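Number of protein chains: 2
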Amino acid sequence: MTPPPSSTPGVGESLREEWPALDPDARAAAFQRLPASEAEEFFLGLSALGQAQILLRLPERERRLWLRLLAPDDVADVLQEVEPADREGLLQLLDTVTRAEVRALLAYAEDDAGGLMSPRFARVRPDMSVEEAIRYLQRQARDRLETIYYAYVLDAGQRLLGVCSFRELFAASPSSPVREVMEDDPVTIDEDTDQEAVARLFLRYGFLALPVVDAEGRMKGIVTIDDIVDVLQEEATEDVQKYGGMQALDAPYLQTGFGSMIRKRAGWLTLLFLGETLTASAMGYFEDALARAVVLAVFLPLIVSSGGNSGSQASTLIVRAMALGEVKLRDVWLIARREFLAGATLGVILAAVGALRVVLWQAVFGSYGEHAARIALTVGLSVVGVVTLGTLTGSMLPFLIRRCGWDPASASAPFVATVVDVGGVVIYFGVAQLILGGSLL
Amino acid sequence: MTPPPSSTPGVGESLREEWPALDPDARAAAFQRLPASEAEEFFLGLSALGQAQILLRLPERERRLWLRLLAPDDVADVLQEVEPADREGLLQLLDTVTRAEVRALLAYAEDDAGGLMSPRFARVRPDMSVEEAIRYLQRQARDRLETIYYAYVLDAGQRLLGVCSFRELFAASPSSPVREVMEDDPVTIDEDTDQEAVARLFLRYGFLALPVVDAEGRMKGIVTIDDIVDVLQEEATEDVQKYGGMQALDAPYLQTGFGSMIRKRAGWLTLLFLGETLTASAMGYFEDALARAVVLAVFLPLIVSSGGNSGSQASTLIVRAMALGEVKLRDVWLIARREFLAGATLGVILAAVGALRVVLWQAVFGSYGEHAARIALTVGLSVVGVVTLGTLTGSMLPFLIRRCGWDPASASAPFVATVVDVGGVVIYFGVAQLILGGSLL
Numbered sequence: 001m002t003p004p005p006s007s008t009p010g011v012g013e014s015l016r017e018e019w020p021a022l023d024p025d026a027r028a029a030a031f032q033r034l035p036a037s038e039a040e041e042f043f044l045g046l047s048a049l050g051q052a053q054i055l056l057r058l059p060e061r062e063r064r065l066w067l068r069l070l071a072p073d074d075v076a077d078v079l080q081e082v083e084p085a086d087r088e089g090l091l092q093l094l095d096t097v098t099r100a101e102v103r104a105l106l107a108y109a110e111d112d113a114g115g116l117m118s119p120r121f122a123r124v125r126p127d128m129s130v131e132e133a134i135r136y137l138q139r140q141a142r143d144r145l146e147t148i149y150y151a152y153v154l155d156a157g158q159r160l161l162g163v164c165s166f167r168e169l170f171a172a173s174p175s176s177p178v179r180e181v182m183e184d185d186p187v188t189i190d191e192d193t194d195q196e197a198v199a200r201l202f203l204r205y206g207f208l209a210l211p212v213v214d215a216e217g218r219m220k221g222i223v224t225i226d227d228i229v230d231v232l233q234e235e236a237t238e239d240v241q242k243y244g245g246m247q248a249l250d251a252p253y254l255q256t257g258f259g260s261m262i263r264k265r266a267g268w269l270t271l272l273f274l275g276e277t278l279t280a281s282a283m284g285y286f287e288d289a290l291a292r293a294v295v296l297a298v299f300l301p302l303i304v305s306s307g308g309n310s311g312s313q314a315s316t317l318i319v320r321a322m323a324l325g326e327v328k329l330r331d332v333w334l335i336a337r338r339e340f341l342a343g344a345t346l347g348v349i350l351a352a353v354g355a356l357r358v359v360l361w362q363a364v365f366g367s368y369g370e371h372a373a374r375i376a377l378t379v380g381l382s383v384v385g386v387v388t389l390g391t392l393t394g395s396m397l398p399f400l401i402r403r404c405g406w407d408p409a410s411a412s413a414p415f416v417a418t419v420v421d422v423g424g425v426v427i428y429f430g431v432a433q434l435i436l437g438g439s440l441l
Numbered sequence: 001m002t003p004p005p006s007s008t009p010g011v012g013e014s015l016r017e018e019w020p021a022l023d024p025d026a027r028a029a030a031f032q033r034l035p036a037s038e039a040e041e042f043f044l045g046l047s048a049l050g051q052a053q054i055l056l057r058l059p060e061r062e063r064r065l066w067l068r069l070l071a072p073d074d075v076a077d078v079l080q081e082v083e084p085a086d087r088e089g090l091l092q093l094l095d096t097v098t099r100a101e102v103r104a105l106l107a108y109a110e111d112d113a114g115g116l117m118s119p120r121f122a123r124v125r126p127d128m129s130v131e132e133a134i135r136y137l138q139r140q141a142r143d144r145l146e147t148i149y150y151a152y153v154l155d156a157g158q159r160l161l162g163v164c165s166f167r168e169l170f171a172a173s174p175s176s177p178v179r180e181v182m183e184d185d186p187v188t189i190d191e192d193t194d195q196e197a198v199a200r201l202f203l204r205y206g207f208l209a210l211p212v213v214d215a216e217g218r219m220k221g222i223v224t225i226d227d228i229v230d231v232l233q234e235e236a237t238e239d240v241q242k243y244g245g246m247q248a249l250d251a252p253y254l255q256t257g258f259g260s261m262i263r264k265r266a267g268w269l270t271l272l273f274l275g276e277t278l279t280a281s282a283m284g285y286f287e288d289a290l291a292r293a294v295v296l297a298v299f300l301p302l303i304v305s306s307g308g309n310s311g312s313q314a315s316t317l318i319v320r321a322m323a324l325g326e327v328k329l330r331d332v333w334l335i336a337r338r339e340f341l342a343g344a345t346l347g348v349i350l351a352a353v354g355a356l357r358v359v360l361w362q363a364v365f366g367s368y369g370e371h372a373a374r375i376a377l378t379v380g381l382s383v384v385g386v387v388t389l390g391t392l393t394g395s396m397l398p399f400l401i402r403r404c405g406w407d408p409a410s411a412s413a414p415f416v417a418t419v420v421d422v423g424g425v426v427i428y429f430g431v432a433q434l435i436l437g438g439s440l441l
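Protein chains in written order, with this note's numbering: chain A, 1 to 441; chain B, 1 to 441.
FYI, nobody ran anything at the bench for these hints, they're computed from the structure. Please read these numbers as outputs of a predicted model, since none were measured by experiment. Beta carbons: idealized from backbone N, C-alpha and C, even for Gly. Check each hint, because a few of them may be wrong.
To be verified - Examples of chain A residues toward chain B, derived with CB under 7 Å: (1) Ser37; (2) Glu38; (3) Asp111; (4) Arg200; (5) Arg204; (6) Ile225; (7) Met246; (8) Gln247; (9) Leu271; (10) Phe273; (11) Gln313; (12) Leu346; (13) Leu350; (14) Ser439.
Claimed, not checked - Covered stretches of chain B, going by a simulated chain A footprint (3 or more residues, C-beta under 8 Å): (15) 54 to 65; (16) 91 to 99; (17) 263 to 270.
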């Protein structure tokens, strides 16, 4: 957590504006031209990737200086961003204690609580008095601790006994033992808890920091809320990109190489294209009907797309509600009923618009000849069917995907649209057969 | 900010699980059955809407008790969730000081810095010594301040002179005046700054709290990072829902009434449907060509949807990058070039798959007669054109929308797909005319 920030705008601010458009070499050069007074704040405000790009391009002496400015968990993040070959060289620039801390952190997966935590937390003993604890914390405040706002009470075996906030110590009677002031059943995180689960804990209660413990209850570090804010942004970005029908990028858009971006996009796009060839197969089946009534083709994109659009709405709602924990797997039947009704209602609204379109065009241009009324009915009924199907598919697909243990965000708008398109073709021609059979067909 | 939390799971935990599925009356009843030891933590963990629902259903005496448990900014949030008619009654349950604070907060728009802030911050004078300041803060720690971790240095006119973190006070020499220890050019937020802009400031530096000042530099309150975490979630949900092609809901999915949900969805859906009727008009124009070559209709959904899918990928990437501040309006030409190339590359990949599909089906089923090669060429070239168009449209639409002063998240997957569909029909039949003119057409 940072000291209260200064607002001096200036060269640093204007560099921040240009930053995304610069290549790594230009960045390092611009960074070295920053006045010393602004460089530190600027450097600390960069992402781990940005810090890594600069560090690797600085002369060794400066590189050491800047690397040592970072807390161990931030150094570990930077090391995740560089090639394995460069990692050891950077580690050698650290002092022995920090190097050991960073190596320990690197053993954790980047997305686990262990990968988020800082090993520098304030510790006190249960039998200290409040007064001693405050004095002890005052000494620790000069070290580079992540936060002094919670003090963790550990026994001789490093096992976590309790926690007290600085504020509680401050308000307590100076002579009481810490043991009596502390909260003795604290919420803890396991070191291998996924970062999304950690973020949900912070969200639920508004914590500032949470302790991370191993299987034996020994305290390993703390996760602070400022890291959680970054996690939330990162997870939201991943979800949104998956939801747009692609693999999530590993870096900001403008910093992702062209080749890597094409790979992330081409995979899903090709799969969806292959899925969509099923519409060509379905249409092939109805080719005779089409030959007899070409007018059917005219409304095809309209009808099919209304299924995709309504499906996209439904899947967005459910995917997001799942990500927020508002909707659980067991709510599936509740949602199915609700979305079936919503789909039918929305379908009727759109069907009225669609049928009106046919009737109007017929009245003004005489576009559809003697069968206009039946065509209007075909379009209307198809839209009700397709929108209901789209809404139901869009809301149920996230449940199915999650049931299979995958990320519900993969129930993307394009995926739902593709699934619904095939069904849409079948519904449309089925309804046409029913209504127009014997007259136009 | 909360004291260190206790982990006792229990009735509260299981109620939390059932919560989303309960109606407001059942919630209030279940809440009143909670043991006192769990009710407080449970209540504080609820959203403002959840707290409002319960409060309105409690007997007046309990209602007063629970309302007074909340900090002024949280009371203001609750009051935003109740009918205006109930607001005054709740205000009357507060003590005079808090009531005045809450009324002041209610004057701010909910989405401004003023609407997020708490008026309860720790204040010190510039001429106090560090020792006096710490003692003074120690007394304030017993009041219900939002945080004591930053002390704000105000002059007699309440103007903000500087800020020092508790930790800096702690590490400084006890006899120095606060004036010498404080950061004297602190980052501040204007009271009418939008909450998204406030969140971006927190994200950039990892602040714990930021002071809010009025136009004359007088300090009005502080915004703390735990409120920002909620803002980020809320804004991400709004963006995702808009991106799915609907108006953002005001409440969690399961707590949104059926009628209100239909209204939020039907508006965009109808607009998109009307936009999509343009495909019917475009198709009407090509009806003669269709009558001569019904096989063209077979590939129509496939080709048109590949444009929608690639457009959805592109708009997701740009909308999210804009929300994160990675991409700015002036990057438009850079992005246009990059996405044009990406679109053409992806188009060629899909075209190869599409042409292969035609050639294979011809070899196996003889589906397309003597013109198979030309049909394959038509499908392939159309896919290149449509995917390039889709990608370019998807990436440029967010810029256009933002340029007009609207939210780029409105460049939703369904919106992009609809715009691209009309263009897709025109490209497809144009290419068909060119390749098949004189043979099949």
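Of the hints given before, which are not true for this structure?
Violated hints: 1, 2, 3, 4, 8, 9, 14, 15 and 16; rest satisfied.
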